[in-house]
Amino acid sequence: MKERWDDGLLVAYVDGELDDATARAVEAWVAADPDSGATLRRLHDSAGMLRAACGGPIHDPCPEIMLLLEQPAVTAMAAAAPPADAPPPSPWRRPAVIAAVLAALALGTFSGAVWGGAVALPVVEGCR
Amino acid sequence: MAGRPHSHLTLLLPRLRRFARGLAGAAAPADAIVLEACRRALTTAPPTTTARMFGLVHAVWRDTATDTGEAVDAAAGPHFALGVVRRALRLLPAEQRGLLLLASVEGLSHRECAEALDLPVGTVTASLARARLTLGRLVEDPHDEPGAAP
Numbered sequence: 002m003k004e005r006w007d008d009g010l011l012v013a014y015v016d017g018e019l020d021d022a023t024a025r026a027v028e029a030w031v032a033a034d035p036d037s038g039a040t041l042r043r044l045h046d047s048a049g050m051l052r053a054a055c056g057g058p059i060h061d062p063c064p065e066i067m068l069l070l071e072q073p074a075v076t077a078m079a080a081a082a083p084p085a086d087a088p089p090p091s092p093w094r095r096p097a098v099i100a101a102v103l104a105a106l107a108l109g110t111f112s113g114a115v116w117g118g119a120v121a122l123p124v125v126e127g128c129r
Numbered sequence: 004m005a006g007r008p009h010s011h012l013t014l015l016l017p018r019l020r021r022f023a024r025g026l027a028g029a030a031a032p033a034d035a036i037v038l039e040a041c042r043r044a045l046t047t048a049p050p051t052t053t054a055r056m057f058g059l060v061h062a063v064w065r066d067t068a069t070d071t072g073e074a075v076d077a078a079a080g081p082h083f084a085l086g087v088v089r090r091a092l093r094l095l096p097a098e099q100r101g102l103l104l105l106a107s108v109e110g111l112s113h114r115e116c117a118e119a120l121d122l123p124v125g126t127v128t129a130s131l132a133r134a135r136l137t138l139g140r141l142v143e144d145p146h147d148e149p150g151a152a153p
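Chains as they are written, first to last, in our numbering: chain A, 2 to 129; chain B, 4 to 153.
Only chain A is shown next, with the shape it has when bound in the complex (with noise of 0.2 Å):
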């Protein structure tokens, strides 16, 4: 059984959290264990299940929250001070990365892609 923190760094890669240098040493580190490979897969696969299972747009009307969000008091409110919050990321920061390396992982090709601790990456334009 896998160590949790490796886990931990695997989920944290394929959701984007980690910075380059970290984020390449998981490429190298799966491209070097197969078992860790089938976990990032693992992990990878499964967030996309939830957001095909759960990701779709909701589109019908609520009134009962408008009523409650349109009163008066309330868009005083918001226009007084509005929250300080950046744009929703996202869901999925770093696809191109991600897609490549675990097909890269699938055919095989890691083995001899890896040189000097880095691992050649097939594409990586766009992200990050």
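Don't take every hint at face value.
Covered stretches of chain A, going by a simulated chain B footprint (3 or more residues, C-beta under 8 Å) [to be verified]:
1. 13-26
2. 32-46
3. 57-66
What follows is a list of derived Cβ distance ranges for each label pair [to be verified]:
4. A:Gly56 / B:Ala97: 16 to 24 Å
5. B:Val124 / A:Arg25: 33 to 41 Å
6. B:Glu143 / A:Glu65: 23 to 31 Å
7. A:Thr23 / B:Ala97: 25 to 33 Å
8. A:Gln72 / B:Arg114: 28 to 36 Å
9. A:Asp61 / B:Arg114: 28 to 36 Å
10. B:Ala84 / A:Asp61: 22 to 30 Å
11. A:Leu69 / B:Ala68: 19 to 27 Å
12. B:Val124 / A:Gly56: 17 to 25 Å
Note that these hints are calculated values from the structure, not bench results. Glycine included, every Cβ here is placed at the ideal spot set by N, Cα and C.
With the hints as your guide, set chain B onto chain A.
Same frame as chain A, now just chain B:
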């Protein structure tokens, strides 16, 4: 909606309702949860952040213990595989269920998930790893046990 004043909550509403449906399994109880969460948010100051608003929805859901398994099955309709995923999600502990939806569906960072559910970031990361692997196992074998009570 043009011409109406928009609040942060109004803009966030579709995501809050989707999150609540993922938790509760059906539209009507989910909207009741979001309505109550909005009421609670409007009594707090300063204005509620996105992460805390999701946290409020999760807290109301836990308070009301709403879980409509039959509605989940019906909502899946002909999409059998999606129904399997939703049923597997319902077998996970409340905290893991919330984290999975927040991170994988709503796109919150681990730090935002931690803020939402008032957990250390390390706990969020470890729980997400455990929950995703368990979910995958449950989808592959629906008769498997998640290994922890909700």
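(request) Check each numbered hint against the structure and report the violated ones by number, ascending. (result) Hint check: 5 and 6 fail, others pass.
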